[in-house]
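Turn these sequences into a full structure, and let the hints guide you.
Those sequence lines, one after another, are chains A and B.
Residues 29 to 233 (my numbering) are what the first sequence spells out, left to right.
Residues 72 to 625 (my numbering) are what the second sequence spells out, left to right.
Just so you know, the hints here were simulated from the structure itself, not pulled from any lab data.
Warning: the hint list may mix true and false statements.
As the list claims (entries may be wrong) - So the derived label-pair ranges between C-beta atoms look like this:
1) A:213 with B:551: 43 to 53 Å
2) B:193 with A:213: 29 to 39 Å
3) B:89 with A:213: 21 to 31 Å
4) A:213 with B:560: 32 to 42 Å
5) A:202 with B:209: 30 to 40 Å
6) A:43 with B:89: 42 to 52 Å
7) B:171 with A:60: 56 to 66 Å
8) B:561 with A:228: 48 to 58 Å
9) A:59 with B:89: 53 to 63 Å
10) A:137 with B:193: 54 to 64 Å
11) A:60 with B:136: 31 to 41 Å
All residues carry an ideal CB built from backbone N, CA and C; glycine is no exception.
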Amino acid sequence: MNSENPFGRIISANSRECVVAYRTSEQEIPRFGSMVHIPVQGAQDFEIYGLVTDIQIEEDGFLRQLATADTLPAEVLADNRVNRNVPIVLRILFLGCRDENGDSHLLPPTPPLTLTAIFRCNSSEIAHFTAHGNFGYFRHILNAVNAPAAELFAVHIRLTSIAQNAKHNEGWTRAAVEELITLLQDDYAGLTAILGALGDADISF
Amino acid sequence: MNGNMNGQTIGYVTGGSLKEGLLARLTAAPDAVQEGGFVVIESGGRRFYGLVTNLRLDASDPRFAENRNEQRLGPRIGRLLHQQTLFTEIEILPVLMQRVGPEPGTAEFDRHDNAIDPTPVPVKTLPAHHAPVRPANAFDVSEIFGDPQEKTKFAIGSTREQNHPVAIDLDKFVQRSSGIFGATGTGKSYLTRLILAGLIHSRQAAVLVFDMHNEYGFGDTSPDTNIRVPGLKDKLSDRVKVCALGRGTTIDGRTPDFDLVLEQRDILPEDIEMLTHELNLRDTTPNTLAALVRSFGPANWFKNFMQLKSGEGEGSVTEWAEKANVHAGAAESLQNKLRRVIDRAYVVEKAPANCIRDIIGYLKSGVSVVLSFGKYDSDLDYLLVTNILTRQIRAAWEQQTNAFHGSGGAKPTPLVIALEEAHKLLNREMAAQTAFSRIAREMRKYFVTLLVIDQRPSQIYDEVMSQLGTRISGWLGDDADIAAVLSGLSGRDTLRGMLSRLQPKEEVLLLGYGVPMPLPVRSRRYDDQFWKELLKNERPVHFEKGKPDWLFEE
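Written as structure tokens, this is what we have:
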């Protein structure tokens with residue numbers, strides 16, 4: 029998987045998120061909390077930015093039989109993991125989009141169509157999108173249903189701070205944490221959970 | 072608000088009302104601001120001047136304050152969390168505002184209508200939300216309290232945080248009676264000396280000091296530093312006369328300029344009635360005194376009465392009492408009690424000179440007089456002498472003022488009577504009987520005002536306290552005293568705590584008519600440096616008794 033080649037295709041979508049089928053031939057599963065982008069072609073071209081909020085590996089019916097076997101040869105294990113009938117599914121939360129006017133932390137005007145290819149963001153794209161505006165995309169993460177916000181922020185901020193530091197934008201991490209505190213200062217439990225996760229992520233600023 | 076924050080924003084307005092004052096979120100450290108700090112808020116082309124009246128530690132959620140999250144989250148995240156969720160809120164009492172217009176060179180400056188207020192006015196509106204709050208700088212202090220270099224201004228101290236000089240307007244100070252208060256040991260007498268020195272030096276008024284403890288004329292030794300400090304006579308010798316009570320009295324071995332003795336004819340029945348408590352007089356005394364005046368006349372009643380023999384027979388008290396239809400026992404008792412008065416060495420039948428007339432003459436010519444009581448330090452001496460003297464002064468000033476208004480006579484010299492231990496003369500029982508309460512109430516228009524100095528302002532009659540224009544108070548511990556000092560002033564509830572939390576020494580709260588807004592200040596020290604600064608532009612002045620030589624000079 030790299031930023032030039034798609035690692036999967038969309039199997040369902042709405043205005044806030046989409047579900048992606050992951051091609052198991054790829055060497056590396058996109059990490060939880062990593063950023064992806066989805067080019068959308070149509071009457072108006074734009075590119076959706078999103079965050080991997082969930083990775084789901086489901087059984088394909090035959091797996092139960094294999095799991096009960098006394099021993100499993102290595103080639104059987106590899107065949108089951110690579111040549112799966114049921115793909116690994118990723119849930120992508122939309123963070124914003126980019127069109128001819130530049131980056132925006134508003135949700136995309138339309139969801140991507142099914143089978144649209146999805147790409148992993150490189151460091152430069154991450155740094156560019158996350159430095160835009162004033163962390164407006166945080167609200168999408170905070171409003172996400174059934175997504176572990178604390179874990180998402182911990183991973184996202186740790187990964188993004190690496191990208192920002194590479195661009196000599198060392199103040200981004202501190203500003204991001206301050207913004208989170210501002211957004212959540214009336215939600216003691218939510219804020220301390222996120223800050224606790226950030227502490228576990230050993231983020232430096 | 073320390074020196075390096077001078078002019079920097081320390082917070083922003085978050086709410087408030089005219090009645091309850093303003094609230095501001097502090098952006099500086101909590102200990103960077105003190106209660107009583109003088110702050111300025113700029114909003115919409117107006118500058119609002121106010122006092123910090125309270126500081127409160129607060130949190131966006133109480134749990135952020137209750138739980139020590141930095142231990143769980145680590146110091147860096149913990150610090151960021153605290154910076155945003157824990158904060159200090161300050162309460163500001165807005166007092167004055169001034170329309171100053173936008174800054175020159177800005178777009179708003181070109182559009183505004185050039186309407187500005189030449190001087191600050193009492194606050195009638197509020198700054199907008201998020202208007203920046205900053206500590207007052209030297210310019211602000213000067214704008215409000217005036218330039219200490221001006222002739223009628225006197226630098227009484229400096230702001231506590233930034234040390235900007237704060238001046239009082241001596242002209243206003245002498246227009247109404249004033250008070251200097253503070254618990255014992257807070258430096259009242261040194262503060263009084265500072266102000267009297269300023270008054271005498273500025274020639275705003277002549278001063279009569281009733282110096283009960285012999286401190287003001289020739290100075291004394293500070294109990295704290297054990298250093299001898301000069302008196303008013305030592306430094307302003309050509310404008311101050313020291314008068315001692317009684318013949319041949321010396322003050323710390325020094326000879327006064329002249330003595331004060333009272334003639335028996337100076338004593339009026341009301342002077343005796345005022346001593347009811349001191350002499351343990353009966354309820355019948357006013358009737359007996361009235362009969363004495365009827366019998367002997369107002370000038371000779373005391374002398375003639377005291378010459379009556381005790382017992383019965385011709386020329387006795389009993390004989391007079393029977394003729395005057397007065398109870399003989401009451402008359403004899405009164406005569407016995409008045410022996411304490413006639414036995415005072417300073418009460419004589421005939422004085423070699425009219426000392427009271429001399430004092431009035433000096434005061435009229437603008438020379439201040441310090442009346443030292445020397446060894447006569449009892450309450451009886453103090454009450455008797457101050458009342459007799461003040462009554463005659465009051466009459467003299469009334470006469471001169473009436474002549475000034477009626478027949479174009481000379482304008483009377485403004486006179487300030489400094490009264491230590493004022494509650495002895497101005498308490499609820501005495502106030503109606505002494506000349507002082509009338510001075511406090513009515514004599515402003517006759518150019519005579521009081522400077523009341525006391526450690527128990529609650530003991531002073533309410534009606535007198537309410538007449539005090541400028542009030543300068545050091546630390547007070549008693550709630551009743553604090554309430555008395557603040558009586559009749561707006562914002563007294565918010566100033567109450569400020570007064571009780573002053574430093575025990577060298578901090579005073581300026582209040583009332585003579586200052587544009589209340590302000591706690593660090594008072595100047597009464598030392599050589601003070602005198603050097605005061606007298607640096609001094610030129611010799613020569614007085615001619617009876618002729619004011621400086622009051623109306625340009």
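For each hint, the structure was consulted:
Separation of residue 213 of chain A from residue 551 of chain B is about 45 Å and conforms to the stated range, judged on CB atoms against 43 to 53 Å. A beta carbon spacing of about 38 Å between residue 193 of chain B and residue 213 of chain A agrees with the range 29 to 39 Å that was offered as a hint. Here the CB-CB span from residue 89 of chain B to residue 213 of chain A is close to 30 Å, well matched to the stated 21 to 31 Å. At about 40 Å, the CB distance of residue 213 of chain A to residue 560 of chain B agrees with the hint of 32 to 42 Å.
Take residue 202 of chain A and residue 209 of chain B: their Cβ atoms lie about 37 Å apart, and the range 30 to 40 Å holds. In this structure the hint that residue 43 of chain A and residue 89 of chain B lie 42 to 52 Å apart at CB holds, the actual value being about 49 Å. Between residue 171 of chain B and residue 60 of chain A the C-beta distance comes to about 58 Å, which sits within the given range of 56 to 66 Å. Residue 561 of chain B and residue 228 of chain A have their C-beta atoms about 56 Å apart, which keeps the hinted 48 to 58 Å range intact.
Between residue 59 of chain A and residue 89 of chain B the CB atoms are about 58 Å apart, so this pair conforms to the stated range of 53 to 63 Å. Checking the proposed 54 to 64 Å range against residue 137 of chain A and residue 193 of chain B shows it holds: the Cβ atoms sit about 57 Å from each other. About 34 Å separates the C-beta atoms of residue 60 of chain A and residue 136 of chain B, a value consistent with the hinted range of 31 to 41 Å.
In terms of the numbered hints stated before, the structure departs from none.
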